[in-house]
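Peer 1: Chains A and B are the protein sequences, given in the same order.
Here the working numbering runs 9 ahead of the position in the first sequence, where the first position is 1.
Here the working numbering runs 81 ahead of the position in the second sequence, where the first position is 1.
Just so you know, not all the hints are guaranteed correct.
Said to hold, decoys possible - So, partial list: chain A residues that the calculated Cβ filter (under 10 Å) puts toward chain B:
| no. | residue |
| --- | --- |
| 1 | ALA44 |
| 2 | LEU76 |
| 3 | TRP77 |
| 4 | LEU78 |
| 5 | SER153 |
| 6 | VAL162 |
| 7 | ALA181 |
| 8 | LEU183 |
| 9 | LEU259 |
| 10 | ASP287 |
Keep in mind the hints are simulated off the structure, nothing from the lab.
Even for Gly, the Cβ is constructed at its ideal location relative to N, Cα and C.
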Amino acid sequence: MLAYLTGRLAALLPVLLVVAVVVFMLIHVTPGDPARVLLGQDATVEQVAALRHEMGLDRPLPLQFALWLGRAVRGDLGLSFFLHLPVTTDIVQHAGPTTMLSLLGLGVALVIGIPTGIVSAVFRNSWLDQASLALAMLGAAVPSFWLGLSLIVLFAVDLGWLPSSGYRSPGAGLGQSLHYLVLPALALGLPNSSLIIRFTRSSLLDVLGNDYIRTASAKGLPRPRVIFRHAMRNALVPILTVVGLTFAALMGGAVVTETVFSLPGIGQLVVSSVLRRDYPVIQGVILLVATIYVLVNLAVDVLYFVVDPRVRY
Amino acid sequence: MKAAGEMAAGAPAISPALRRRRGPSALLWRMVRRRRIVAVGLVLLLIVLGAALLAPQLAPYDPVALDVPSRLAAPGAAHPFGTDEFGRDILSRTLYGARLSLAVGALVTVLVTTAGIAVGLIAGTNPRADRVLMRIMDGLMAFPDILLAIALMASLGPSARNVVIALGFVYTPRIARIVRASVLVVASQEYVEAARAVGAPVARILIRHILVNTASPVIVQATFITAYAMLGEAALSFLGVGIPPQIPTWGGIISEGQVYLRQAWWISIFPGAAIVLSVLSLNLLGDGLRDYLDPRLRYS
């Protein structure tokens with residue numbers, strides 16, 4: 010187990026290094042001089058040169074990278090161009106809504122995806138199966154931001170049941186917070202359930218074809234018991250993988266969904282930073298998100314290893 | 082719908098060469114007979130393609146012409162999809178939006194396929210390059226798609242060309258991985274060894290023997306990438322970091338309509354439905370292709 014963990018962690022290092030290089034290079038592939046962009050066209054050559062020096066842009070690229078990486082590893086992502094606040098502070102301030110939205114979105118995707126996938130597999134080739142697969146097909150084609158707007162038109166504008174935008178922190182009352190997050194979570198969760206539906210279906214179908222399932226049915230166990238006690242336990246193992254994959258899609262999707270519902274999260278931070286060309290913030294956010302994503306997938310793999318004793322590397 | 086496993090039993094053994102001689106129309110026809118849902122995908126795709134190509138003929142109005150007196154008009158006889166805050170016809174804007182959306186989807190696919198095949202071929206045939214290239218591909222895949230695209234757009238600046246470049250970066254690893262995996266499988270086959278033994282030039286082996294056999298999974302993935310790219314472009318333009326707003330794009334129109342959601346839902350809803358239709362058609366086609374060209378049938 011320990012050997013496996015160290016092996017996996019060691020394999021992550023090159024990936025994280027590439028992630029860091031890509032993030033670092035973002036500021037350097039910009040057409041034009043970042044210092045000039047920042048100061049505007051009116052700045053003098055001396056001012057630009059001074060800022061270049063201050064930002065370290067006049068040093069050799071590998072040295073800049075090493076210094077930047079050294080600071081990033083210690084949690085120092087620099088100061089934002091716009092507010093001159095530490096990027097980490099900026100991210101922490103915006104992390105709450107995104108975390109809530111991602112988790113609730115994952116909840117929605119699982120609550121819809123797994124039961125629908127089970128129904129689809131158990132009643133294979135029936136109209137229920139067809140309907141489930143059609144739902145999965147449609148879900149994969151719907152942009153979450155557009156679904157969000159459609160939900161607003163239906164549930165906020167026409168019916169007036171739910172608020173169309175805004176955010177309440179769960180610290181100030183969970184009920185109120187959820188009230189504001191229902192529509193965003195649906196907009197994010199529904200499209201992401203389609204992968205889970207398909208995965209649950211095929212995973213369960215694989216398991217249902219096994220001899221021990223036939224044995225369980227043959228000895229007269231009721232069908233629900235066969236499916237939930239015998240089949241689902243094994244079918245859930247591969248589904249873990251898809252949960253990890255979905256998580257990445259969710260973090261990306263949350264960024265877009267937030268802007269629809271005016272949630273003050275990481276997505277709004279990124280989009281407004283792009284418009285202000287505030288590179289340190291953009292770099293900090295995507296470095297953090299990519300690292301979280303890599304670690305979540307590691308966690309999923311480790312869990313896989315723990316849950317299924319047959320998996321050995 | 083049937084699972085791939087069931088198709089295996091009934092699938093006739095047709096060599097790739099024979100299939101090519103029958104032409105793509107015969108292939109499509111057989112796919113449609115196998116799974117009728119593919120026909121739905123094809124028809125939808127033809128509709129979207131037709132709308133894009135014939136936009137100037139089909140559009141009842143100029144997509145950028147202002148007509149303030151009829152601003153925010155509800156869908157009706159004069160404006161089937163209604164008008165926006167400047168009185169611009171949403172139907173006409175949606176039709177013109179199809180051009181851009183499809184063009185971005187197609188260009189990204191061409192870019193990604195070319196780059197992905199190049200990277201995959203090099204990695205699959207050269208172990209030393211493999212280690213470096215695949216670590217880079219893994220690194221690129223560690224970012225959520227849309228977030229990497231947004232960050233790249235921040236550096237490149239908003240324009241249609243840069244959207245293609247950014248999405249090209251994001252999706253290249255998917256093709257590269259598939260090509261590499263196929264190359265590794267195919268390159269160890271006896272017929273490749275035979276070709277090498279009789280002294281066929283490396284380039285010829287790569288193209289005639291190896292690349293041809295990686296075509297099926299690449300075609301399937303390319304179909305899905307076109308769909309992803311169209312969704313990606315829409316998201317970028319919706320966020321205002323993609324194609325500049327003076328050009329009508331589906332994402333851009335939806336974003337403009339967001340402000341008027343309470344008075345004029347039609348501005349945002351119709352272009353979004355166009356996105357759903359296009360992506361759905363490509364996914365249906367990709368699914369059909371995957372069932373038909375299932376690489377597991379080929380390599381088993």
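Peer 1: Next step is simple, just say for each hint if it's right about the structure.
Peer 2: Hint by hint, here is what the structure shows:
1. ALA44: This hint is violated: ALA44/A lies away from chain B, its Cβ roughly 15 Å from the closest one there, beyond 10 Å.
2. LEU76: 20 Å, violated
3. TRP77: 15 Å, violated
4. LEU78: 14 Å, violated
5. SER153: Holds, about 9 Å.
6. VAL162: 5 Å, holds
7. ALA181: 27 Å, violated
8. LEU183: 27 Å, violated
9. LEU259: 8 Å, holds
10. ASP287: Constraint on ASP287/A satisfied, holds at 9 Å.
In summary, the numbered hints that this structure violates are 1, 2, 3, 4, 7, 8.
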